[in-house]
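Engineer: Fit chain V to the given chain W structure using the hints.
The listed protein sequences correspond, in order, to chains W and V. Residue numbers for the first sequence follow this note's numbering, so the first one is 295 and each next one is one higher. Residue numbers for the second sequence follow this note's numbering, so the first one is 3 and each next one is one higher.
These are computed hints drawn from the structure, not numbers from a lab. Just so it is clear, the structure is predicted and the values come from calculations on it, not from any experiment. Among the hints, a few may not be true.
Output of the computed footprint for chain V on chain W, the stretches with three or more beta carbons under 8 angstroms from beta carbons of chain V [said to hold, decoys possible]:
#1 464–472
#2 518–526
#3 662–670
Among the chain W residues that face chain V by a calculated CB cut under 10 angstroms, a handful are [to be verified]:
#4 S423
#5 D424
#6 E606
All residues carry an ideal CB built from backbone N, CA and C; glycine is no exception.
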Amino acid sequence: MDFDPSPEQRQRAASIRTAAGGLPRPERGTPAGRDLWEAAGKIGVTGLCLPADCGGGGLGALDTALALEAFRAGGADTGHSFGIAAHLLACGTVLAEHAHEPVRAELLRGLAAGTTIAANAMTEDEAGSDLSRLATTAVADGDSYVLNGVKSFVSNGPLADVVVTYAVTSPEAGYLGLSVFAVRTGSPGFRAGPALDKAGLAGCAAARVEFAGCRVPRSHLIGSEGQGSAIFQGSMAWERACLPAIYLGAMQEQLDQCLAHCRQRRQFGRRIGDFQAVAHRLATMRRRLESSRLLLYRACWLIDRDSPGAGEAVALAKVAVTEAAIANGVDAARLSGAQGYLAGAGVGSHLQDAVPLHIFSGTTDIQQEIIARGMGL
Amino acid sequence: MTAMQEREEIAAKLLAFIRNSFLAGDPQGELTGDTPLLALGILNSLNTATLIAYTQEEFGVKVPLHDVSPENFKSVDSLSSMVHERRSTADA
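For reference, chain W alone in the conformation it holds in the complex (with noise of 0.2 angstroms):
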């Protein structure tokens, strides 16, 4: 059992670190634009883990993540954050696995670079955790696939270039009768509506999308007819591993600025960090930063080892990111005082990027369904 990064790790972590460190942020409340996907795509931040040979990191679980901690740490802001690790962890993930050549190739270029943007589009207004419910259809027609439906928050669907979407083609089948398609946003029948107004993560924008006659040509079917869902469950488990590092970047930055906050700040003739009921609050915060990094690091290092272990490892994983953001925000709050709770300070924010972590990705009740049926409930 081996706790420490290797040098290569290390080294790959502070120079990301330091690059975003260097990167402009999005204005307050408004998504990161072209210029923010373009500039983290040449510090390497938008092609982790897709393959070397379409111009990616090749990354394995773990690195993906500890580069994504680390570009938050140093200072990214976490909604476009949030919304590379969906293009990549969601969609590349999934175009490099199954897509077929020439798409492949020609997707992932773009996708690496940052020049193109992946949105991944799942979810609809009655299809949330139970994809049995989805209604979105897609019928083979001569070389191409016809696609009729509505998709509800899309990630980074304002601005996507290709959406990676998932539809029913065999509606007997079920759970199992959903297939995938790459859908270029300029295809005609596809409509990205506006970007929905959210309460947090706003660096990167959401919409909904619709799809009404769509014609996607049948080589942009990813992988086969059927294979949906299993394709799915597969790019969530990176998704679900690898995305809340960025909050483990977040929580790091959060606790350093209490730290300076409560070793500056006095009342009472002393520093606030002198009273025992302060210091024993951000111990508790980082306790809960070191125990949910734990546990996500090493679900990473389960997928990297195809271990049957992982989708347990990734739940019991998200679950202690999400409670430990949340908790620590509102840590935050108290720590900072009045002050923290003006617009713009980064506290309030800093909560309500956090709170979607219990629903976006699998929600918190469904990680908690999995951890019980691991142990034979």
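Structural biologist: Same frame as chain W, now just chain V:
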């Protein structure tokens, strides 16, 4: 043990697992080898993942992505055939 006996043994274990795990014991005894698991919604995302984990552990077979298909998971009979085939291939 003949191939048919092996397949029947696999099917019996799968039926018992699905009854107990997804159908509250199936008190009416409605689940049979050809019950359409997907069409009736018995296999949703969570149940499919649970069944795959059970199958891999109980029968010692790997269920790769291309085997997670409507053809293989449509019923206990089809799943038993797939498991039996994978075990035979592994033994050969």
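Engineer: Take the hints in turn and mark each one as holding or not.
Structural biologist: The hints, checked one at a time:
no.	hint	verdict
1	464–472	holds (count 7)
2	518–526	holds (count 6)
3	662–670	holds (count 4)
4	S423	holds, 8 angstroms
5	D424	holds, 6 angstroms
6	E606	holds, 9 angstroms
Every hint, counting from the list given before, is met by this structure.
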